[in-house]
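2 protein chains.
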Amino acid sequence: MRISDLGEFELIKRFRKKIRLNSSVVEGSGDDCAVLKFNKDSYQLFTCDMIVEGVDFYKTDNFSLVGGKALAISISDIAACGGVPKHAVVALGLPKNMQVNQVDLLAKGLFEMAKRFDINIVGGDISASHKLVIDVSVLGEVGKNELCLRRGAKTGDIIMVTGEFGGSIKGKHLKFIPRLKEARFLVGNFKINSMIDVSDGLVQDLGHILEQSSAGAVLYESLIPLSKQAKNSQEALCSGEEFELLFTASRDQASKIIKNTKYRFKVIGEIMPASFGLRLINYKNRYARLKLKGYRHF
Amino acid sequence: MRISDLGEFELIKRFRKKIRLNSSVVEGSGDDCAVLKFNKDSYQLFTCDMIVEGVDFYKTDNFSLVGGKALAISISDIAACGGVPKHAVVALGLPKNMQVNQVDLLAKGLFEMAKRFDINIVGGDISASHKLVIDVSVLGEVGKNELCLRRGAKTGDIIMVTGEFGGSIKGKHLKFIPRLKEARFLVGNFKINSMIDVSDGLVQDLGHILEQSSAGAVLYESLIPLSKQAKNSQEALCSGEEFELLFTASRDQASKIIKNTKYRFKVIGEIMPASFGLRLINYKNRYARLKLKGYRHF
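Chains A and B, in that order, are what the protein sequence lines are.
Counting from 78, one number per residue, gives the positions in the first sequence under the numbering used here.
Counting from 78, one number per residue, gives the positions in the second sequence under the numbering used here.
Rather than coming from a laboratory, the hints here were simulated on the basis of the structure.
There may be inaccurate statements among the hints.
Remember, identical chains collapse to one label, so a pair may be satisfied in a single copy or spanning two.
Computed cross-link-like contacts, EDC-like style, restricted to lysine to aspartate or glutamate with a CA-CA straight-line distance of at most 16 Å [what the hints assert, rightly or not]:
#  : residue 1 : residue 2
1  : Lys114    : Glu218
2  : Lys90     : Asp181
3  : Lys95     : Asp181
4  : Lys173    : Asp82
5  : Lys94     : Glu189
6  : Lys258    : Glu218
7  : Lys95     : Asp195
8  : Lys173    : Glu259
9  : Lys308    : Asp195
10 : Lys336    : Asp181
11 : Lys94     : Asp181
12 : Lys247    : Glu318
13 : Lys136    : Asp181
14 : Lys173    : Glu85
15 : Lys249    : Glu312
With the hints as extra help, turn the sequences into a complete structure.
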């Protein structure tokens, strides 16, 4: 059997089964970041993301944007857990015939992103590779009372998002700014019950929250914020690499969050009991079947 | 200009120039691990290593050994700094047509290595890739008084090694057990002035110690421990991926280290002033020219 027959999520499950963790780990794999014991008030967050030429970006892309993206993806994961990124190590697999000015552009984008978010690039590794591969691992910190996981959604929670969805592939996936400020604002001022960043697609990532919270949800098609690049709301619901935040909070907290004047968050639905499943109410106010297709590598 | 014209070390220098670090970083890139502030008694160590199919291993290799190697390389880096590995994240770039049983073998080797050294695999990332790529990032801890860097070698220090050298490519590079126990024994019982693990080749890695310590050295060809796989001592001096420890300590400490009955360490030379350069005394007791060729990716 080939891994393309098995699928990405089955493959990940297969790995997870073998994992044994000791008590210094608060949360192992399965969320946006691993959560590790750190000190009295804080946890440490640890995450990695690999991007590959021909899959996550192309030779013809602006390599400064590619370098920025490589780090931004992991910053987005740290944000989704409510934390602050601190340190990164960068592993590069470089084709031998790569132009030095392309590497310089890559470094430029990476270091600019690091500077913007006050992240120390503390080490790395360079290897030869057929295609360009970049893997960035980031260490962050989060106050114990600020930590957001996927599994905390409760029936009656309001589902909210940052930004707009759809058509990320047309450019946003290389140019997005991780929603770190928004995440820190949320965890610093409100009680957020669950949070994730939208990397696989809004519906698919909401699915992760629902699965881990043993919950269902209703989404309102008319409430999904569409970007100019969105084909339509179905596409917006499935579009990967949007890197927006998707989070839930109680009705009371949600009304306060919506009233804030600093950042814009939009309501898109509500958490329901698990038995309800995941349903979409369409523009005609009818339940519509949700095509649960988000991004999968295999 | 292509990166193959520039060379691996020039490329790394080019990156390092752009790095700006804040005060939470004790040591940034340039050693086996980054060293980060942690708590009153300890630092945190952070390192990553990427291995690529066709470069660091081949399709025909036993994938269980490949999985073990991917983690062992980083354990060896943590050992070289005197520390203990704690947590790892694993990024995998997998060809879509890869067999599931090959992935299972890879995971088996990785998890067995993790178990052996009590390391938590706390997260990861899976991407599609043309060739198999594995990047492992490891977090470790080291007592402040146990930390070993490359830059601490002093004139008169005795240069010592673990194990034997030569012909690693014939199998050892996939089967080595990182010298963590030996390193912990050394830093727990003696004053080690500098340490590195031999990944690029004995002479080349000694060169890193000398450069960062502003020192020279004399090596005795007759003292280099040769493995059965070694072609000759010249090959042993340049053989990459030996993953043995190379370290220096004062003459007084060295004599105590040699007398210990728990682990075997061998003297191979002595640290000299920088002006002496790096010289080899051959079997005929004459200075021999050192061919400074170790492994380089470009």
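Here is how each hint holds up against the structure:
1. Both within a single protomer and between protomers do Lys114 and Glu218 lie at most 16 Å apart by alpha-carbon distance, with minima of 10 Å and 13 Å respectively.
2. Taking the closest pair of Cα atoms, Lys90 and Asp181 come within 16 Å of each other only across two copies (12 Å); inside a single copy the shortest separation is 38 Å, beyond that limit.
3. Within a single copy, Lys95 and Asp181 get their C-alpha atoms only as close as 40 Å, which misses the 16 Å cut-off; across copies the closest is 10 Å, which meets it.
4. In this assembly of identical chains, Lys173 and Asp82 lie within 16 Å of each other by CA distance solely across copies; the values are 9 Å between and 33 Å within a copy.
5. Taking identical chains as interchangeable, the C-alpha atoms of Lys94 and Glu189 lie at most 16 Å apart only when they sit on different chains, with a minimum of 14 Å there against 38 Å within one chain.
6. Within a single copy, Lys258 and Glu218 get their C-alpha atoms as close as 14 Å, which meets the 16 Å cut-off; across copies the closest is 30 Å, which misses it.
7. Taking the shortest alpha-carbon separations for Lys95 and Asp195, only the inter-copy value of 14 Å comes in at or below 16 Å, while the best intra-copy value is 36 Å.
8. In this assembly of identical chains, the alpha carbons of Lys173 and Glu259 never lie at most 16 Å apart, being 40 Å within a copy and 36 Å across copies at closest.
9. In this homomeric assembly, Lys308 and Asp195 never come within 16 Å of each other (Cα to Cα): the closest approach is 36 Å inside a single copy and 49 Å across copies.
10. Proximity of Lys336 and Asp181 under a CA criterion of 16 Å is satisfied in neither setting, with 44 Å inside one chain copy and 50 Å between copies.
11. Taking the shortest Cα distances, Lys94 and Asp181 sit within 16 Å of each other only across copies (11 Å), while inside one copy they are farther apart (41 Å).
12. Within a single copy, Lys247 and Glu318 get their C-alpha atoms as close as 11 Å, which meets the 16 Å cut-off; across copies the closest is 43 Å, which misses it.
13. Taking identical chains as interchangeable, the C-alpha atoms of Lys136 and Asp181 lie at most 16 Å apart only when both belong to the same chain, with a minimum of 15 Å there against 32 Å between chains.
14. Taking the closest pair of Cα atoms, Lys173 and Glu85 come within 16 Å of each other only across two copies (10 Å); inside a single copy the shortest separation is 30 Å, beyond that limit.
15. Taking the closest pair of Cα atoms, Lys249 and Glu312 come within 16 Å of each other only inside a single copy of the chain (15 Å); across copies the shortest separation is 51 Å, beyond that limit.
Of the hints listed earlier, those the structure fails to meet are numbers 8, 9, 10, in rising order.
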